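> In case you want the letters, here they are:
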Amino acid sequence: MRVTMIVNGDEVTREIEDRLLLVHFLRDTLGLTGTHWGCDTSNCGTCVVWLDGEPVKSCTVLAAMAGGHEVRTVEDLAANGTLDPVQEGFMQCHGLQCGFCTPGMLMTARALLDRNPDPSESEIREAISGQICRCTGYATIVRSVRWAASS
Amino acid sequence: MTTVDNDLKPVGYGRMLRKEDPRFVRGRGRYTDDVQLPGMLHLAILRSPFAHARIVHMDTTAAAALPRVKAVVTGADLAGLGLAWMPTLSGDVQAVLATDKVRFQGQEVAFVVAEDRYAARDALELIDVEYDVLDPVIDARRALDPAAPVIRDDLAGKTDNHCFDWETGDAAATAAVFERADVVVSQDLVYPRVHPAPMETCGAVADFDAVEGRLKLWSTTQAPHAHRTLYAMVAGIPEHKIQVISPDIGGGFGNKVPIYPGYVCAIVGSIVTGKPVKWMEDRSENLVSTGFARDYIMRGEIAATRDGKILAIRTHVLADHGAFNGTAAPVKYPAGFFGVFTGSYDIEAAYCSMTAVYTNKAPGGVAYACSFRITEAVYLVERIVDCLAYELDMDPALLRLRNLLKPDQFPYMSKTGWEYDSGNYEPTMRLALSLAGYDDLRREQAERRSRGEIMGIGIAFFTEAVGAGPRKNMDILGLGMADGCELRVHPTGKAVVRLSVQSQGQGHETTFAQIVAEEIGIPPADIDVVHGDTDQTPFGLGTYGSRSTPVSGAAAALVARKVRDKAKLIAASMLEVSVADLEWQKGSFSVKGDPGAAVTIQDIAMRAHGAGDLPDGLEGGLEAQICYNPSNLTYPHGAYICVVDIDPGTAVVKVRRFVAVDDCGTRINPMIIEGQVHGGLTDGVGMALMEMIAFDEDGNCLGASLMDYLLPTALEVPDWETGFTVTPSPHHPIGAKGVGESATVGSPPAIVNAVVDALRPYGVRHADMPLTPSRVWDAMRGHAQPPI
Chain A
0 MRVTMIVNGD EVTREIEDRL LLVHFLRDTL GLTGTHWGCD TSNCGTCVVW
50 LDGEPVKSCT VLAAMAGGHE VRTVEDLAAN GTLDPVQEGF MQCHGLQCGF
100 CTPGMLMTAR ALLDRNPDPS ESEIREAISG QICRCTGYAT IVRSVRWAAS
150 S
Chain B
0 MTTVDNDLKP VGYGRMLRKE DPRFVRGRGR YTDDVQLPGM LHLAILRSPF
50 AHARIVHMDT TAAAALPRVK AVVTGADLAG LGLAWMPTLS GDVQAVLATD
100 KVRFQGQEVA FVVAEDRYAA RDALELIDVE YDVLDPVIDA RRALDPAAPV
150 IRDDLAGKTD NHCFDWETGD AAATAAVFER ADVVVSQDLV YPRVHPAPME
200 TCGAVADFDA VEGRLKLWST TQAPHAHRTL YAMVAGIPEH KIQVISPDIG
250 GGFGNKVPIY PGYVCAIVGS IVTGKPVKWM EDRSENLVST GFARDYIMRG
300 EIAATRDGKI LAIRTHVLAD HGAFNGTAAP VKYPAGFFGV FTGSYDIEAA
350 YCSMTAVYTN KAPGGVAYAC SFRITEAVYL VERIVDCLAY ELDMDPALLR
400 LRNLLKPDQF PYMSKTGWEY DSGNYEPTMR LALSLAGYDD LRREQAERRS
450 RGEIMGIGIA FFTEAVGAGP RKNMDILGLG MADGCELRVH PTGKAVVRLS
500 VQSQGQGHET TFAQIVAEEI GIPPADIDVV HGDTDQTPFG LGTYGSRSTP
550 VSGAAAALVA RKVRDKAKLI AASMLEVSVA DLEWQKGSFS VKGDPGAAVT
600 IQDIAMRAHG AGDLPDGLEG GLEAQICYNP SNLTYPHGAY ICVVDIDPGT
650 AVVKVRRFVA VDDCGTRINP MIIEGQVHGG LTDGVGMALM EMIAFDEDGN
700 CLGASLMDYL LPTALEVPDW ETGFTVTPSP HHPIGAKGVG ESATVGSPPA
750 IVNAVVDALR PYGVRHADMP LTPSRVWDAM RGHAQPPI
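Residue numbers (numbering that gives the first Met the number 0), protein chains in the order written: chain A, 0 to 150; chain B, 0 to 787.
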């Protein structure tokens, strides 16, 4: 089938299999490898991207379902070479180690701050509770988001 | 934008932002699954649905006929190439693809190579395998029953499921101490099977060039050099024609040390099709087939005087190694470093006997940041010490303080033959008690108990043994556990350092730049760290067992000193003084008493490569290389205190606070150290409260997805409270000891001790992990059961 969507501000049209997952469409078809594939069951959240401004787990969204919609990935967070404050916060507060969960965490953090510019620690923990990080123990991720909120 | 700390630190140790982060926060990490090559094909593996079954017949006709499928390969095909079996890191053999029987659920049976991931999976559905299902051996306690089916009938003459026996310590001396002790406490303990579950699963991209006979392999390996050597030995490709690249790795935790059948399949797939082949396992495949951890059934015994002097510790362990002995440990250490089970205490005698068995479960056994089984050892000793405190009705902090080794006992030779290099335990313990406000916590606990609330305080004190290891007694399949390092200073004074270890998130590109910077005074930003590519780096055994800083960190410091020594000769020539008249200030040599007469390391680098004269006999260039063979392990230690609350109505355990005081010797980058500790503490919460790879009686894995195998999220863990003491290693060139696994080792007993402490009013002396609500609920009602 043919699918057309806006990805990071650009319209893309591709012939795809009906069953192609959005995560594989982004990674394998478009070469946007910042979004990662981690679990297939919506548990780990490393595949989180935005669909019309809402964070979704792209391992359980069909690429076809994104047709006619806007997708935003981690590659679009920095604008004109300037990092988004959440990206800067993760670097400043050691909010990442292996970096594999980081793109999903960043997209969720940005969405949280867009809705709630001054979240509490518990609100941040709640917001990222659908995502797993095996390296950091989360405390530095919470600090990173707080850093972005106060920057 | 302001920065919270100085990331432009000119030289050396201290908090410094990570050099690798700019690419990661932009989504520009380079992981194995990100590798895309022209014409690349995709490989998928058919796995056994049964734990134990004989393969009667296999028909791949329909799969091979599917459009877009390029190859279907079975165990019989591999047998024809002599590749059906491969050696494990423990000297056992493991099937690459099953030929005769399947021996665990999820075992590799066949593979398909196709034009895309989806087509490869479609073809798996069309492979018809007829199985004759056999009785499985699931309970390790029954593995040696005479009637138990023999799993490893591939081994000549094998008539049982015995894997190995092992013992350490002095049985007779220990028995004598137990005979005369006032108090003897014994406790059965289970450390259940768990899985490291890194966020990135395992995978590889193999690109075999048939014309040149050259293999290029990107793979999720923590040990690229060791893997290259083993591929050369197994596949017969000459070692100089194999390049193993371990690119960015999405977490390892020991899961990515072994060679898995999938890697070999990818290589074979590329050879067979003549195209690059990618294999990436999915999450279920990772959980059911790759290296698990623990699975020790232990009996711990402790002997003491009535006033709390610990005299001896004795243990027997039944170790479940799964279907193949895939333990990744030095070959002379079949139980890893479990021999340090005497912990941090001054005791008279110790003894351990161990029996390891085969079962119809996935192979593995050393993984999940375990420091080669020190997780199990520390859990044993710290749990049994708490059982003793319970029986003596003595405060567990006081009991530990009474028995900790004293500073003047170091270097300390343990009763099982481990030479602890240095330690100053009491200040570490007292700092943890102080940070936690221990006395106040006990008062709060008494008050809460009077109101019917359930609060617990748990303590663990651990000693680690990391940095394997001295090559005279530590090797993996004959490869000594040393590490190489090369340092080259360019003419303009910038440098490149090449490591034999690689990073799975530990921040080597930063830490190792800081180590070199501290020694030669070139800013870390000017030092490029190259790692994870066998063509670009010297030979070494890789990153696991917290060995990077103890071994490769030493190599980096020493190679930098070699460069500095050469620089000093050139500086003397440039300043026209004798070497003895020079003094080093980080970054430059100056003439003693005349600080204005100085040359920087950058000046020296240019001279080393320039046209001017060099001292007689000195070659041009400014570079050096080294292979570092550690003289001993390093022994970090730490004191952990956990506070839990348990909901009386639901038995849910909440970790309210966790105080971790670590002593890893010299601290290179405190930010990275703290991050390593935080991650390990979270592992501890997972293991103590949530995680277990369970099996049903037929051998079906019940933890085959992240819906079933529960990992901690941000909601299950507290904001960590950390502190540190510094006791440098006397034999390490910079005194560093390693910290990557300390918290994973130390935290599970602290959490379990806290839960058991909370349940003291219910008469509970022990409850096994994972302390899920249902298991805590049972314990509160006197029905605590082992999890297996």
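Calculated from the structure, these hints are not laboratory results. Fair warning: this is a prediction, and the values are worked out from it, not measured in the lab. Treat the hints with caution; some may be incorrect.
[Unchecked claim] If you want a taste of the chain A side facing chain B, the calculated C-beta under 7 Å gives, among others:
1) GLY33
2) ASP39
3) ILE127
[What the hints assert, rightly or not] FRET-style restraints, in silico, Cβ to Cβ:
4) A/GLU10 to B/ASP134: 53 to 63 Å
5) B/TRP583 to A/ASP113: 45 to 55 Å
6) A/ALA77 to B/GLY13: 26 to 36 Å
7) A/ALA77 to B/TRP583: 55 to 65 Å
8) A/THR40 to B/ASN472: 37 to 47 Å
9) B/ARG429 to A/THR28: 57 to 67 Å
10) B/VAL55 to A/THR28: 36 to 46 Å
11) B/ARG764 to A/ASP51: 23 to 33 Å
Every residue gets a Cβ at the ideal spot worked out from N, C-alpha and C, and that includes glycine.
> Kindly indicate which numbered hints from before are broken by the structure, ordering the numbers from low to high.
Hints 7, 11 are the ones this structure does not satisfy, whereas the remaining hints hold.
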